[in-house]
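Here the sequence shown is numbered in full-length UniProt numbering, starting from 1 and rising by one per residue.
The set of hints was computed from the structure by calculation and includes no laboratory data.
Computed from a predicted model, the values in this text were never measured in an experiment.
All residues carry an ideal CB built from backbone N, CA and C; glycine is no exception.
Do not take every clue at face value.
Derived SDA-like pairs: lysine to any residue, alpha-carbon spacing no greater than 20 Å straight-line [said to hold, decoys possible]:
| id | residue 1 | residue 2 |
| --- | --- | --- |
| 1 | Lys84 | Pro146 |
| 2 | Lys156 | Leu112 |
| 3 | Lys156 | Leu63 |
| 4 | Lys156 | Gly76 |
| 5 | Lys156 | Phe204 |
| 6 | Lys156 | Gln22 |
| 7 | Lys156 | Leu140 |
| 8 | Lys156 | Gln205 |
| 9 | Lys156 | Val202 |
| 10 | Lys156 | Arg61 |
| 11 | Lys84 | Leu214 |
| 12 | Lys156 | Tyr194 |
| 13 | Lys84 | Ser165 |
| 14 | Lys156 | Trp18 |
| 15 | Lys156 | Leu142 |
| 16 | Lys156 | Pro8 |
| 17 | Lys156 | Leu40 |
| 18 | Lys156 | Gly75 |
| 19 | Lys84 | Gln205 |
| 20 | Lys156 | Leu5 |
| 21 | Lys156 | Leu49 |
| 22 | Lys156 | Leu201 |
| 23 | Lys156 | Ala50 |
| 24 | Lys156 | Leu117 |
| 25 | Lys84 | Phe17 |
Here are the in silico distance ranges between beta carbons for each label pair [to be verified]:
| id | residue 1 | residue 2 | range |
| --- | --- | --- | --- |
| 26 | Gly45 | Asp113 | 53 to 63 Å |
| 27 | Phe71 | Tyr184 | 42 to 52 Å |
| 28 | Pro145 | Thr180 | 38 to 48 Å |
| 29 | Thr149 | Pro64 | 15 to 25 Å |
| 30 | Asp113 | Val200 | 33 to 43 Å |
| 31 | Lys84 | Gln182 | 52 to 62 Å |
| 32 | Gln182 | Gly80 | 19 to 29 Å |
| 33 | Asp113 | Val187 | 24 to 34 Å |
| 34 | Gln138 | Pro77 | 26 to 36 Å |
| 35 | Pro146 | Leu63 | 35 to 45 Å |
| 36 | Phe71 | Glu209 | 52 to 62 Å |
| 37 | Pro137 | Phe204 | 41 to 51 Å |
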Amino acid sequence: MDYTLIAPYLPDLLSGFWITVQLSVLTLVLATPIATAIALGRDLGPRPLARALAVLVNAVRLLPALIVLYFVFYGGPQLGLRMKPMTAATIGLVAMGAAYMSEDIRGGFSALDRGQLAACRALGLPFGHALRRVLLPQALPLIVPPYMTRAIIMVKGTSLASMVSVADLTAEATRASSITYQPYVFVLLAGVLYLALSGVLVAFQAWVERHLRLRYRLAR
Numbered sequence: 001m002d003y004t005l006i007a008p009y010l011p012d013l014l015s016g017f018w019i020t021v022q023l024s025v026l027t028l029v030l031a032t033p034i035a036t037a038i039a040l041g042r043d044l045g046p047r048p049l050a051r052a053l054a055v056l057v058n059a060v061r062l063l064p065a066l067i068v069l070y071f072v073f074y075g076g077p078q079l080g081l082r083m084k085p086m087t088a089a090t091i092g093l094v095a096m097g098a099a100y101m102s103e104d105i106r107g108g109f110s111a112l113d114r115g116q117l118a119a120c121r122a123l124g125l126p127f128g129h130a131l132r133r134v135l136l137p138q139a140l141p142l143i144v145p146p147y148m149t150r151a152i153i154m155v156k157g158t159s160l161a162s163m164v165s166v167a168d169l170t171a172e173a174t175r176a177s178s179i180t181y182q183p184y185v186f187v188l189l190a191g192v193l194y195l196a197l198s199g200v201l202v203a204f205q206a207w208v209e210r211h212l213r214l215r216y217r218l219a220r
């Protein structure tokens, strides 16, 4: 690999990588509580709410991610909402991520015995306390593996933001490739950076699972 070829574009690539990191963090931080609320609403909420949320989630899941981004990016101005590319990309990615993550979280809660919540109500425990002290400790080991897998997919999916004018890592690598006619070099470099970013999530998943196993053993 010729470093003299990469050097002029390295600042732009690192700037794009930083934007990718920001977009990834924003997407995960915003999508997680929304997905949790949707999952609880579908699994434990009243039937009309559960049905409405199911329709919304399935509508988003059935659309290609790029179409969702285009809908937000190009549809916003049609409704009088002018957004920066980063804002539009964040909204689109959060919508997609929350829809898919809600299914992962709901699967964990659905695996629990429904009688536990009824028992908590019979004992007079508030819902929040029952959720935090009884349901969540049992559901977390079931939720973490699919949730973290989805988080990694979402991080890689941020590359679609380049299609709505966000100067992320993919956009900068594509631009450098088109100027130098050396796509292999910059695509490889972008891949290494995406691998490093996803590797952080893999390491975090291993730490969380180890922590949960230790806590479960101590509880026994």
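Structure-based check of all given hints:
1. Lys84 to Pro146: Cα-Cα ~32 Å, so violated.
2. Lys156 to Leu112: 31 Å, violated
3. Lys156 to Leu63: 18 Å, holds
4. Lys156 to Gly76: It is violated: about 24 Å lies between the C-alpha atoms, which goes past 20 Å.
5. Lys156 to Phe204: Within the cut-off at roughly 16 Å; holds.
6. Lys156 to Gln22: Holds, at about 13 Å.
7. Lys156 to Leu140: 24 Å, violated
8. Lys156 to Gln205: 16 Å, holds
9. Lys156 to Val202: 13 Å, holds
10. Lys156 to Arg61: Distance of about 17 Å is within 20 Å: holds.
11. Lys84 to Leu214: 45 Å, violated
12. Lys156 to Tyr194: 7 Å, holds
13. Lys84 to Ser165: Since the Cα atoms of Lys84 and Ser165 sit roughly 9 Å apart, the hinted pair holds (cutoff 20 Å).
14. Lys156 to Trp18: Cα-Cα ~14 Å, so holds.
15. Lys156 to Leu142: Since the Cα atoms of Lys156 and Leu142 sit roughly 23 Å apart, the hinted pair is violated (cutoff 20 Å).
16. Lys156 to Pro8: Violated, because 25 Å separates the two Cα atoms, which is more than 20 Å.
17. Lys156 to Leu40: 27 Å, violated
18. Lys156 to Gly75: Between Lys156 and Gly75 the Cα gap is close to 24 Å, so the pair fails against 20 Å, i.e. violated.
19. Lys84 to Gln205: Answer violated: Lys84 to Gln205 is near 32 Å, above 20 Å.
20. Lys156 to Leu5: Violated. Lys156 to Leu5 sits at ~26 Å, over the 20 Å cutoff.
21. Lys156 to Leu49: 32 Å, violated
22. Lys156 to Leu201: Judged against 20 Å, a Cα distance of about 12 Å means the pair holds.
23. Lys156 to Ala50: 30 Å, violated
24. Lys156 to Leu117: 37 Å, violated
25. Lys84 to Phe17: Holds, because 18 Å separates the two Cα atoms, which is no more than 20 Å.
26. Gly45 to Asp113: 53 to 63 Å: With a Cβ separation near 18 Å, Gly45 and Asp113 fall outside 53 to 63 Å, so the hint is violated.
27. Phe71 to Tyr184: 42 to 52 Å: The hinted range 42 to 52 Å is violated for Phe71 and Tyr184, with Cβ atoms some 34 Å apart.
28. Pro145 to Thr180: 38 to 48 Å: About 41 Å separates the Cβ atoms of Pro145 and Thr180, which means 38 to 48 Å holds.
29. Thr149 to Pro64: 15 to 25 Å: 20 Å, holds
30. Asp113 to Val200: 33 to 43 Å: Check passed, 35 Å falls within 33 to 43 Å.
31. Lys84 to Gln182: 52 to 62 Å: 31 Å, violated
32. Gln182 to Gly80: 19 to 29 Å: About 43 Å separates the Cβ atoms of Gln182 and Gly80, which means 19 to 29 Å is violated.
33. Asp113 to Val187: 24 to 34 Å: Roughly 49 Å apart at Cβ, these two residues miss the hinted range, so it is violated.
34. Gln138 to Pro77: 26 to 36 Å: 46 Å, violated
35. Pro146 to Leu63: 35 to 45 Å: 21 Å, violated
36. Phe71 to Glu209: 52 to 62 Å: Because 36 Å falls outside the window, the suggested range is violated.
37. Pro137 to Phe204: 41 to 51 Å: 19 Å, violated
In terms of the numbered hints stated before, the structure departs from hints 1, 2, 4, 7, 11, 15, 16, 17, 18, 19, 20, 21, 23, 24, 26, 27, 31, 32, 33, 34, 35, 36 and 37, listed from lowest to highest.
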